[in-house]
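Take these sequences, add in the hints, and give me the full structure.
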Amino acid sequence: MHRRKRVTTAVMLVVALVAGGLALGLTRGADPVAETALRVPVGAEPTGSSVSLDASVFRPAGTGPFPAVLLAHGFGGSKNDQTADARYLAQHGFLALTWTARGFGRSTGRIHLDAPAYEVKDASRLVDLLGARSDVVKDGAGDPRVAVVGGSYGGALALLLAGSDRRVDALSPQITWNDLGQALFPQFAATDAFRATPAGVQPIAPTGVFKKVWAGLLFSAGAGNSSCGRFDPTVCAEYQRSAAAGVPTPGLAALLRASSPASVLDRITAPTLLVQGEADSLFPLSEGDANARGIAAHGTPVHVVWFGGGHDGGVAETDRLRTLTLTWLERWLLRRAVPTGPAFQASVVMPSQDGSPDTVTVRTAPALPGVTTGTTPGQSRIALTGPTQRAVAPAAGTPAAITNLPGLGALGRAASGLGGAFSPPGQAAVFQSAPLEAPLRLVGAPSVDLSVRSTAGDATLFAALYDDPGGGQAATLPEQLVSPVRLPVGPGGTVAHVVLPAVVHDFAAGHRLRLVVSTTDQAYALPADARTYQLSLAGAGALSLPVVPTSAGGGGSGRLVAAAVALAALLLVGLAIAAGLSRRRRHAPPDPELAEVPLVIDGLVKTYGGAFRAVSDLSFRVERGQVLGLLGPNGAGKTTAVRVMLGLLRPTAGQVRIFGFPAVAGAPVLSRVGAFVEGPGLVPHLTGRENLELYWRATGRPADDAHLAEALEVAGLDEDLTRKVRTYSQGMRQRLAIAQAMLGLPELLILDEPTNGLDPPQIREMRDVLGRYAATGRTVVVSSHLLSEVEQTCSHVVVMHHGRLVAQGPVAELVGAATSVLLDVDDVDLAVRVTEQVPGTQDIRRTPTGLSLRLVGTPRAELLRRLVEAGVGVERLAPQRGLEEAFLSLVGED
Amino acid sequence: MTAPHTHTHTHAGAHTGLEGATPPLGADPRTGAAVGYDPRRTLPLRVELRRQLSRRRTRLVFAFLVVLPLLLVAAFKLGSNSRDGQAPGLVDLATTGAANFTLFTLFVSTGFLLVVVVALFAGDTIASEASWSSLRYLLAMPVPRARLLRQKLLVALGLSLAALVLLPVTSYLAGGVFFGWAAPRLPLGGTLPTGETLLRLGIIVVYLAVTLLFVAALAFLLGVCTDAPLGAVGGAVLLVILSNILDAVTALGSLRHALPTHYSYSWTDALQPAVSWSAMISGALYSLAYSAVLLVAAWIRFQRKDITS
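The listed protein sequences derive, respectively, from chains A and B. Okay, so the first sequence: first residue is 1 according to the working numbering, each after it adds one. Okay, so the second sequence: first residue is 1001 according to the working numbering, each after it adds one.
The hints are simulated quantities; they were obtained by calculation from the structure and are not laboratory data. Be careful, since some hints might not be right.
Stated by the list, open to error - Computed, partial: chain A to chain B, Cβ under 7 Å: (1) 359; (2) 570; (3) 661; (4) 671.
It should be emphasised that the depicted structure is a prediction, and the values quoted were computed from it without experimental measurement. Here a beta-carbon is modelled for each residue, glycine too, at the ideal position from N, C-alpha and C.
Written out as structure tokens, the structure is:
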């Protein structure tokens, strides 16, 4: 009962710990961070109407001063999008300021697309505000210690602010643009075959292809349900004219240029953590690459992270990005020497097979080639083959290929099939590599030279690199990305250097790389007239791939190392504790004076569960050659005492010594003890003989020492020895177990209730065996609740009751001390008279055939002599259940 | 002392047994041990292995692991192959050859079957001795307690590992005989050469062994704490299920990474064109850390325990 309770408790404890740990983790977000909402007046609109921003300050607990972080939101959002991040940063000791950009939410004013004169200037006002606060760390008068963090629209703002306001001390722009013109009118035909960075592209002069679906989505997010909504009227008008034409008006081009970080990168001196998304057809990796190159070119520290998400969805990796950002802020705002990890990290995303989230592996490089000073990316080449092919661009661009559905995120990817794409027939040229001999990990943008002829004076094309597994399986398009190009084409055709989308992708061995050059794509503005292109590979006809040596781990390696160290420490502590425990036990010294005494029990106390005393202050000793009976009613504490003797129980107080050595758990001296405790402990699926043999082999002692023949003879099982023990009767098991206890003929044999379940002849047999055993100079301790058994078997007896010793000594003495005698005589009256004269007689009673009496201190022989001398005819003199009398008188009536 | 002596003679001719008994062998005066006794030789691995191998449950488990792949083969042969998903998964690829069939068998066994097998070997080994009452005799032999745990754990882990190797081996053979020896097609497309395939299978088995070590350690600890084999095995399986359930609660976020079963299927990362190690390394480290804690707890508990079984 106790044990079961303890196990239940242990299980409940584990569950409670797990639940408690989880609850603790969940409630960690409830730290005392104080949020204060405020309105910040900023510069007026061109129309003269005043503008104020809706802002919030998240102040950490404590007095400060704190370093500050500006958190900028994405297009169409508000300050509320940043609340979770702000709280997170405030919990880590940063004062966070969130605000809604002008033209959005509850801020007034109009949208100018991160214009330097409006949104960027507004952010400078917020830096002023922080500079005036007493709870913000200052680097000078009006110069707060501040970082800017933001994604997309907020990311560009961070770059533009850092480029115009020297007070910014660190920044982390995420999934944002370098050149808004290139982002909305992408051109992936490059001026130069050589590219300085893995994802870089130097577009040729003509404006690229209008990214109409994304642009439309963004514009409508700002416009709401009126035609211009909260856009600045000039921005709105220029956009609408450009969208209709499919090329930017000069006015829009100028606006976009002003809102592009590209123009201010050389003025950014604050350390920059650049995060770009791999699943991003709006601001692809090439935009982040251009930002990184531009900032690093002037010696500013830059780290680049390519993560699994982006504007197309993908894997958000929210926790990892938060941690990376926090580390960056700790490094550059708190100026702590925390390791910020490798300069380049890229996520390899493997789609899951079973519906669970996709797995992300982080690959890292200590330097990003082309960005980190003094490095250039390596190049490798893979040959492509394919004839010159004709591809038709239909009038009005319909039907068009579908590779991606912008704005739908993960849904868009799912709708276009897992990594697949729809392409109308006749609209694409295909060039393939041979099957790969080894796996290929692509990190960055491959490029290829294409020869193009056109029936019109220009060509609009979409190049993409598919992963073709072969064997009838569908080819996949990594991240659903395509590279639009728009080329002027003379009558003799042209050769274009096309940069394919930058991706992080593993091509398996045996797969082919497949270059598909399509004439249409649903997401882009297409020429209205029909035309036909002739497409072929130019130059060496090979793909050129950037080589970025990366290694595993990186981002998580610190954690892994910590875990390994913690593990090692845990193991050491555990081993030390375990070793300490066992050593302490081993160190109780032996008592040489008792070396010849088989068993000494001294002041033994054993309580269970602190309450029930099974044994109280038990002391006795057993000498060599004795057969000692441990006598007591059921529950007297005999079995408990035996278990302590064998080191199975730890005594609460006192000790047991065997041949002078303390009988603790595993004490080597126990090898000289044979035991039978509370029933047999045999392995049921083995035969009787196997049980004994395996038992002896488990002792590790020489086989010759077992004296197996003698033990088997004691068991007397003969042919039954070849049967499995599970078929044995209770008595057979009992005998086998006693034989097992006798294996090796131990010097001290301890048998607990050995005759339970034996029939009378077997009991008598057992009695003889024990007697003979002791006669060989060995010692036997037998516990029993049967008086007659002890009386007939044992030379000495210890009587226990309620855990206490109530009597001990040679059996004969105890019997002599108070024995009842039954006399059958011819003359009862005479016998009574004679008996009354004998000293030490008590309780003389008449029986039908004689008398009974108790005899104390006088031998029975003396009584008999006196009776015979007095002329009484004695037919029978029988001691009557002598020990039982003694026992009952000693233990009382219960 | 003299009285019993006379018995020897009066009962001569019955089961005597002890007439050849020599005087006691004597003892080592330093430790008090009987001559020939050495605690480092007690409960040899071979003896413990024999004790376990002769048990019906051990044989049944191994027999089941041989029969299971055959049952799966029969199921695939009998059932019609209706494909409703577009993405090829391990299930769809199961009948394409020996390697894919092996991967499928491992995939369907990871969550429960292997957990039960390991919990059985590790949880039952001490608890069944307690329930047979033989534990007290082993300890009174005496087999030192720490050594008893070590030998029992080693044999339990060895049997678990054997089961873990047996399943893919029989699956590979059954798959090869019935579905051919074609090179495996990876779920993400592509194939691997046979040598590489066997290497990947080896990685998977090693990873499974490391993650299942947690289950073994948990079951072992419960087996030390209870005398009921069913309680130890069932308790371990229940706690693993609890961990799986918590792992399904996405609201727990990254806390789930610390759940011992979070990475139990990360071996599928070895099926990518290039093996992805990070999840497997995390899973292995978590498993080792949990196992260390649980095993140390088992050792401490057993050292101090009163043996009342």
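Evaluated hints:
Checking residue 359 of chain A against chain B: minimum C-beta separation of about 6 Å stays under 7 Å; hint holds. With a least beta-carbon distance of about 5 Å to chain B, the hint placing residue 570 of chain A at the interface is held under the 7 Å criterion. Because the smallest distance between the Cβ of residue 661 of chain A and any Cβ of chain B comes to about 4 Å, under 7 Å, the interface hint for this residue holds. For residue 671 of chain A, the interface hint holds, the least distance from its beta-carbon to any beta-carbon of chain B being 4 Å, beneath 7 Å.
Violated hints: none; the structure is consistent with every hint.
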